[in-house]
Amino acid sequence: EAGVVQSPRYKIIEKKQPVAFWCNPISGHNTLYWYRQNLGQGPELLIRYENEEAVDDSQLPKDRFSAERLKGVDSTLKIQPAELGDSAVYLCASSFRGYTGELFFGEGSRLTVL
Amino acid sequence: GENVEQHPSTLSVQEGDSAVIKCTYSDSASNYFPWYKQELGKRPQLIIDIRSNVGEKKDQRIAVTLNKTAKHFSLHITETQPEDSAVYFCAAPKGYGQNFVFGPGTRLSVLP
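Read top to bottom, the protein sequences are chains A and B. Quick note on the working numbering: the first sequence kicks off at 11 and runs consecutively. Quick note on the working numbering: the second sequence kicks off at 1482 and runs consecutively.
Careful, some of the hints might be misleading.
What the hints assert, rightly or not - Cross-link-like lysine-lysine pairs, in silico, DSS-like; alpha carbons within 27 Å at most:
1. B:1575 / A:72
2. B:1552 / B:1575
3. B:1523 / A:21
Keep in mind that the hints were calculated from the coordinates and are not lab data.
Please model the entire structure based on the sequences and the hints provided.
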């Protein structure tokens, strides 16, 4: 069974440019998370989806970040415009809805903003 | 909200020795406590977890102990091996919810 799939794995952009990350969760997982992981730190939640509904986006910088999960499966996280401080690894994770248990992470998308 | 701290931030042990990492949390309603291992450049992966109705759980060389009164839980790795070298993160949910707050991580180095 395929795990959580993310793309691209690496992205280098100039500041003020837009960037988008894509995530395909494990089949059957209703809950999807986007985390940001800065170098040497733990993952920090950006947004959590239950199916297509964003149930917690309190940590998402809404002036430049947006996310969507159409049809409750794949999700896209967008940054526009990117800033130097956005350089980080963006991790997508999924889990069974209503179950406080294991998060299954993707390999992450490493963003470098120059 | 939930605040999760980890100690130590770095830990070096000789191969074969034991390693202990401690995690403290603030939300007394938290009821599930996982430990994730992240090797360099890889995804975090769950290695062991514990729910609040038990005090200890063991899986081969790794174990987790929970003290709900003191609001801390610890990861224990015995007979460490070089492949145990990684960054270990503890996490706790915000109350009964599914939003996990991760600790800052502990970098474990197992020296041959």
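How the hints compare with the structure:
no., hint, in the structure
1, B:1575 / A:72, "22 Å, holds"
2, B:1552 / B:1575, "13 Å, holds"
3, B:1523 / A:21, "16 Å, holds"
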